[in-house]
Amino acid sequence: MKFSRLIVQLLLIVAVITSIVMSFFIWTNTARYQRGRNIDVTSAESNKNEIPINQVISPTQVIWHDDSDQHLIYNSNENISLSIQKVMQDWKIEQPKEVSKKDGAYYQKVIQGKNMLQMVYPTSINTNVFGYLLGNNGLKNGKSLQFNRILINLKDKKDQNIYLANDSNYAVYKLKVDNASAVPITKLVDKANVNLKVRLNIMKHGVFTFYVDPIKMKSYSYVISGKKDNEYTTALFDSNTNGLVTSEDNNIYTYSYGESKRLTSDHNTEELSFDDYTDTSVPKTQLAFLQRGYQKVIDLQNPISNLRLYSATWSNKNLIFREYVEGFPIFKKSQFGSIRIKFSRKGSSEHFLNKVLEVPVPSTQAATTLKSTNEIFKGLQRVGFSPNDVQEVEVGYQWEGETDNEKVVDLKPTYYIKIDGHWKPYNEWTNESAEED
Amino acid sequence: MDFRRIEVIFLIVFFSLDIFLFLSFRNSQQLVSSSSTNTSTVTEMRKRNITFGSLDTKNGYAYYLGSQPSDELAQNINKLRNQEVQYDIVNHKVSSTLANEIAVTATNKKAIMDKFIKKDSNVLFGDEYTYSPQLSNSSQMVYVPTGSLGEVYDKTAQLVFTITDGKVVGYTQTYVKSLIILHERQVVKSEKDVITNLYANSEIPNNSKITYANLAYTKLLEAKGSTIYIPVWFVTIKNKDSKVTTTKKVNAFTGNIIKSSTNGDNYSAQ
Numbered sequence: 001m002k003f004s005r006l007i008v009q010l011l012l013i014v015a016v017i018t019s020i021v022m023s024f025f026i027w028t029n030t031a032r033y034q035r036g037r038n039i040d041v042t043s044a045e046s047n048k049n050e051i052p053i054n055q056v057i058s059p060t061q062v063i064w065h066d067d068s069d070q071h072l073i074y075n076s077n078e079n080i081s082l083s084i085q086k087v088m089q090d091w092k093i094e095q096p097k098e099v100s101k102k103d104g105a106y107y108q109k110v111i112q113g114k115n116m117l118q119m120v121y122p123t124s125i126n127t128n129v130f131g132y133l134l135g136n137n138g139l140k141n142g143k144s145l146q147f148n149r150i151l152i153n154l155k156d157k158k159d160q161n162i163y164l165a166n167d168s169n170y171a172v173y174k175l176k177v178d179n180a181s182a183v184p185i186t187k188l189v190d191k192a193n194v195n196l197k198v199r200l201n202i203m204k205h206g207v208f209t210f211y212v213d214p215i216k217m218k219s220y221s222y223v224i225s226g227k228k229d230n231e232y233t234t235a236l237f238d239s240n241t242n243g244l245v246t247s248e249d250n251n252i253y254t255y256s257y258g259e260s261k262r263l264t265s266d267h268n269t270e271e272l273s274f275d276d277y278t279d280t281s282v283p284k285t286q287l288a289f290l291q292r293g294y295q296k297v298i299d300l301q302n303p304i305s306n307l308r309l310y311s312a313t314w315s316n317k318n319l320i321f322r323e324y325v326e327g328f329p330i331f332k333k334s335q336f337g338s339i340r341i342k343f344s345r346k347g348s349s350e351h352f353l354n355k356v357l358e359v360p361v362p363s364t365q366a367a368t369t370l371k372s373t374n375e376i377f378k379g380l381q382r383v384g385f386s387p388n389d390v391q392e393v394e395v396g397y398q399w400e401g402e403t404d405n406e407k408v409v410d411l412k413p414t415y416y417i418k419i420d421g422h423w424k425p426y427n428e429w430t431n432e433s434a435e436e437d
Numbered sequence: 001m002d003f004r005r006i007e008v009i010f011l012i013v014f015f016s017l018d019i020f021l022f023l024s025f026r027n028s029q030q031l032v033s034s035s036s037t038n039t040s041t042v043t044e045m046r047k048r049n050i051t052f053g054s055l056d057t058k059n060g061y062a063y064y065l066g067s068q069p070s071d072e073l074a075q076n077i078n079k080l081r082n083q084e085v086q087y088d089i090v091n092h093k094v095s096s097t098l099a100n101e102i103a104v105t106a107t108n109k110k111a112i113m114d115k116f117i118k119k120d121s122n123v124l125f126g127d128e129y130t131y132s133p134q135l136s137n138s139s140q141m142v143y144v145p146t147g148s149l150g151e152v153y154d155k156t157a158q159l160v161f162t163i164t165d166g167k168v169v170g171y172t173q174t175y176v177k178s179l180i181i182l183h184e185r186q187v188v189k190s191e192k193d194v195i196t197n198l199y200a201n202s203e204i205p206n207n208s209k210i211t212y213a214n215l216a217y218t219k220l221l222e223a224k225g226s227t228i229y230i231p232v233w234f235v236t237i238k239n240k241d242s243k244v245t246t247t248k249k250v251n252a253f254t255g256n257i258i259k260s261s262t263n264g265d266n267y268s269a270q
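Taken in order, these protein sequences are the chains called A and B. In this text, residue positions in the first sequence follow our numbering: the first is 1, and each later residue adds one. In this text, residue positions in the second sequence follow our numbering: the first is 1, and each later residue adds one.
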């Protein structure tokens, strides 16, 4: 009698525990199931014509120092920097160790080192962002250190490190690398079909890439595309466009949705600006800052394959993206590049141009030979700008000869110079051509 | 109060609860497996009696290519023998009527014509073309140029033989001298991406067969006197009931399905 009662009680306890355990599994499992659905949604989105983040945030210059000289290299058939990053994704990169800091002479030696391949970002990023882009969780969650150059020694087999360097404080970091081989990178370097002799000089406003000899640059042509205002409003205002208020003044169209969002489209200049006063959270980490900026760029839904992060200013949460052609930035008629994004507690704002390079077309223009960078500095000096006044110098492409009927734009190379915070082509500063006679 | 009876009732209640929980647990697990995207699309397609071979999941690379119109055909046209030739200057196109018709059957036509085009006096630059069964039918044999960059499926670069009553009677030919790379290589959609995308957009009917899926360059637009080509997936679908075949085109860069315009010549790939 007693024994059977004990069995009933034992079974009861077992049944109760089983039900608790089972409920636990179902709860956690449902959560997993729902998360699984989210993953499906994102993978379906990535199927769209989206350019991955590591293509937008990417080094744009590749500089190779062989046994004798330093060269800026490029392969017009395959983006060397993107391919090297792909190779680096398989490397096991360990935490950074500081080698030196604030030592200009040592820094110059590092960035001019022989057998070194370096990839240069247009703006500095930190090692957390770098870790995220390479899929390296150790770096992503580790110490955050700013840098703008990646250096890899391709010849010295004993040097099992990559180096990160920061132009703004001359810091150099060493990161140990396992299971890495220089062979695939050397192959990519050998395939380069653009090869310009350069010298990296440290000047008052940072490290400048000097083209030692006059450089021969190709011209390019692109079909440009734009979108109608209503395509932007559907993309930027949440699908419900019923409450949209439209006004027009002097060919400047304004679309607003209550007090929360406003799009201004200037049909004269084809510049647009979008303010979202509901987006008041300011990114807390640099990674979040760049990720959110990238997402906004994607939401503008332009073909962005040529777009690169050009400048990221953490202090005022300002991002600038520019289009690039074969490693060189494109300067349009606007001051802000192609897209400028700003985050603040009052809301986020985006400025962008409704003109995007879409389809490359064979150029009918001959190649241009530009003066050496030394000549450019001499020319600037002749009109009263000392080398210390020059904040930045870049060889870039400017829009030219936009034929209205064909929607084709020509890109011509020239030197762009930033003085007093303003970018202008060399001929506008000096009234002289940047081309070699 | 009989405490023992309460215990037994509780035991029965909890036991049935356990069974219920176990069943719902299993159900949710099945949901997980059916929610995984692409593989399930493929099984779903098979269930709907859509026949196809194994799908390549690898993303390749391709370029924007450009070509300038060439009069290479016109310059060499006097090399051709035993045929009546016309040259269309606007479209840079040779139209030829063969003096001696060539008898072919469905089985031997490829072998016979492959040999025919090798000779310079029969067809100019014939060795640069290969037979494309996807574009051909019983009254037409289409040859496409194959270069190191890939095949071109386009009217601006094609060799088309006309077959009437089992005889090849003539051909038309367009020719692109050289293609230049206009932009660094870009990732293209994989075969599997393209076919599952077509299915998701109801472009593949039930009870059909995917007979061909090829990646080839086709004309996107003309600008500044040049022709621009982009990579496009050509997917041919044969309806098993009506035996009708249709070819869908998908922009390999963007994955957008290209709706052919009425003349089938100019379209926007966006």
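If you are wondering where the hints come from, they were derived from the structure by calculation, not from laboratory data. All C-beta atoms in this analysis are idealised placements derived from N, C-alpha and C, irrespective of residue type, glycine included. It is possible that some hints are incorrect.
[What the hints assert, rightly or not] Covered stretches of chain B (chain A as the covering partner; in silico rule of three or more C-beta atoms under 8 Å from a C-beta of chain A): (1) 62 to 70; (2) 217 to 227.
[What the hints assert, rightly or not] Straight-line Cα separation of at most 27 Å, DSS-like style, residue types lysine-lysine; simulated pairs: (3) B:K93 <-> A:K412; (4) B:K93 <-> B:K192; (5) B:K224 <-> A:K227; (6) A:K216 <-> B:K110; (7) B:K177 <-> A:K218; (8) B:K240 <-> A:K227.
Tested hints:
1. 62 to 70: holds (count 4)
2. 217 to 227: It holds, with 6 qualifying residues against the three required.
3. B:K93 <-> A:K412: violated, 35 Å
4. B:K93 <-> B:K192: With Cα atoms ~36 Å apart, K93 of chain B and K192 of chain B exceed 27 Å; violated.
5. B:K224 <-> A:K227: Roughly 22 Å separates the two Cα atoms, so the pair holds.
6. A:K216 <-> B:K110: The hint is violated at about 49 Å.
7. B:K177 <-> A:K218: holds, 22 Å
8. B:K240 <-> A:K227: violated, 42 Å
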